[in-house]
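Whenever a hint applies, use it, and build me the whole structure from the sequences.
So for the sequence shown, the UniProt record's numbering puts the first residue at 1; every next one is plus one.
Check before you lean on any hint, since a few could be wrong.
Unchecked claim - Listed next, the in silico EDC-like pairs over lysine to aspartate or glutamate satisfying Cα-Cα at most 16 Å (straight line): (1) K65 to E35; (2) K126 to D94; (3) K126 to E35; (4) K126 to D11; (5) K65 to D40.
Hints listed in this document are in silico derivations from the structure and should not be mistaken for laboratory results. The structure presented is a predicted model; accordingly, all values stated were derived computationally and were not measured.
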Amino acid sequence: MLTFDDDTRVDPEVTALLDEYACLLDRRRGTAWLELFTPDGYYLVAREAEIEQGNNVLIIGEDLKRLRARIVSGAERDRRRSVHTVGGVRCNHDATHTTASFTVWLDGRPSYCGVYRMALARHDGKLRIRHCEVVLFGDIVHTPIFLPV
Numbered sequence: 001m002l003t004f005d006d007d008t009r010v011d012p013e014v015t016a017l018l019d020e021y022a023c024l025l026d027r028r029r030g031t032a033w034l035e036l037f038t039p040d041g042y043y044l045v046a047r048e049a050e051i052e053q054g055n056n057v058l059i060i061g062e063d064l065k066r067l068r069a070r071i072v073s074g075a076e077r078d079r080r081r082s083v084h085t086v087g088g089v090r091c092n093h094d095a096t097h098t099t100a101s102f103t104v105w106l107d108g109r110p111s112y113c114g115v116y117r118m119a120l121a122r123h124d125g126k127l128r129i130r131h132c133e134v135v136l137f138g139d140i141v142h143t144p145i146f147l148p149v
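Structure representation (structure tokens):
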């Protein structure tokens, strides 16, 4: 997986993919958001400490089938408005891996921040997310996670 220490570059197609990722979540268009993934896509959310320690304590770790069910359930349970801010989007030389910093505000309050780390692949000619790792900064997750971050 790409790290901040790797030689990286800016790629407009990768930046557009991350922008679409955030916009679709903020507009509560979960089905369209899922289409950003390859059919074998995987999504996980973990605290930075768990990632660094290499343990398997995940907040979320789901394939697309389970993620689809989370989106349906989460849309019914979580009516908070979200605003995602994404910056510092960088990828490796062949755009197969990317990182980006993010913050998420829920109902006008800062709720999560961290980094997205993604493996990317082409599917039907389009750049898609094969593996999305949401690394949350901080020791405590202060608010429940019903929907993707």
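Problem - Violated hints, by number in ascending order, as checked against the structure - result: Going through the list in order, the structure violates no hint and respects every one.
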